[in-house]
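A.B. asks: Listed below are the residues making up each chain.
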Amino acid sequence: MPGNEILIRLRLGKDALREARRRATLEAKFLELLQAQRLFIAIVQTRRSLLPSEQPWDVLREVRDSVIVDGDSIYTNAEVGPVTSSSSSHWSAPEKLKLPSP
Amino acid sequence: MLQSMADVVRALNDLIERGIIKDYAIGGAIGALFWDEVTNTFDVDVFVLLAQDGAVIDLGPIYKWAEEHGYPQSHEHIKISGIPVQLVPAPDILSEEAIREAATLSVEGLAVRVIRPEYLIAMWLKPPANNKTRRERASRLSESAQLDKDRLAALLTKYDLSW
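Sequence lines, in order, name chains A and B. Be aware that the first sequence starts at 1, since it is given in my numbering, and climbs by one per residue. Be aware that the second sequence starts at 1001, since it is given in my numbering, and climbs by one per residue.
Calculated directly from the structure, the hints in this document are not laboratory data. None of these values were measured; they are calculated from a predicted model. Using N, Cα and C, we set each Cβ at its ideal position, and we do this for glycine too.
Keeping only pairs whose Cα atoms sit at most 30 Å apart, straight-line, the calculated DSS-like set for lysine-lysine is: (1) 1149/B <-> 29/A; (2) 29/A <-> 1022/B; (3) 14/A <-> 1132/B; (4) 14/A <-> 29/A; (5) 29/A <-> 1132/B; (6) 1126/B <-> 29/A; (7) 1022/B <-> 1126/B; (8) 1022/B <-> 1079/B; (9) 14/A <-> 1149/B; (10) 1158/B <-> 1132/B; (11) 29/A <-> 1079/B; (12) 1158/B <-> 1022/B; (13) 1149/B <-> 1132/B; (14) 1126/B <-> 1149/B.
Ranges between beta-carbon positions, derived for each pair: (15) 1131/B <-> 18/A: 20 to 30 Å; (16) 51/A <-> 1058/B: 23 to 33 Å; (17) 1059/B <-> 51/A: 19 to 29 Å; (18) 13/A <-> 1106/B: 27 to 37 Å; (19) 41/A <-> 1091/B: 28 to 38 Å.
My request is simple: use the sequences and hints to build the entire structure.
C.D. replies: If you want it as structure tokens, here you go:
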């Protein structure tokens, strides 16, 4: 059995991870939400029919959005596509979030 | 992505400018997202103070406005730039206070009203909204460093709420 010291360290690590997720940018959080919606649907539809409301947000088709869907990955890159709004988001490097393997 | 959310904010501000609603504040899981980790959701809950007076609540002007702007409607939601938005008239005094006391934050440089975490918790603990999912959300949000614990305690006392 792990000692108390190890358990405390593990718990602190978990807290630190949660705090980092809390402090993430709004862009990162919305991107994570899109991932969560797709992951939820992928899992749930193997078990039951989806409810009418259980649809991922249809925001990725917008050309002006700087998001690229590539298979099971979603990229963000502010340089992609024309920006027609007064967006203040300028990400210098693309960030890749990969869905965990089932 | 955030441009779509900014479109939602513009639409909400337009509702105020046209005098259809007096004020609004984003609540639910999206409201919490401004203060906490991400929780999965499929819509944006927006609590509104309607401009109309009287006991009868009429959402007709909102749906008419949505139709005029070409926003599709389905399952009590209005879809704005791909995001389903549910406009909920404040159901009680707590919700009205939550809207009035909402924080003004920023999305893509636009001012957006968001329900403060203490009020989100109070609303999730208040029957009949206090189902298991919402109580779990309330519990998670209560660990947020941005939470004003004194304010939350005062709210719970004021509205006779408990964990």
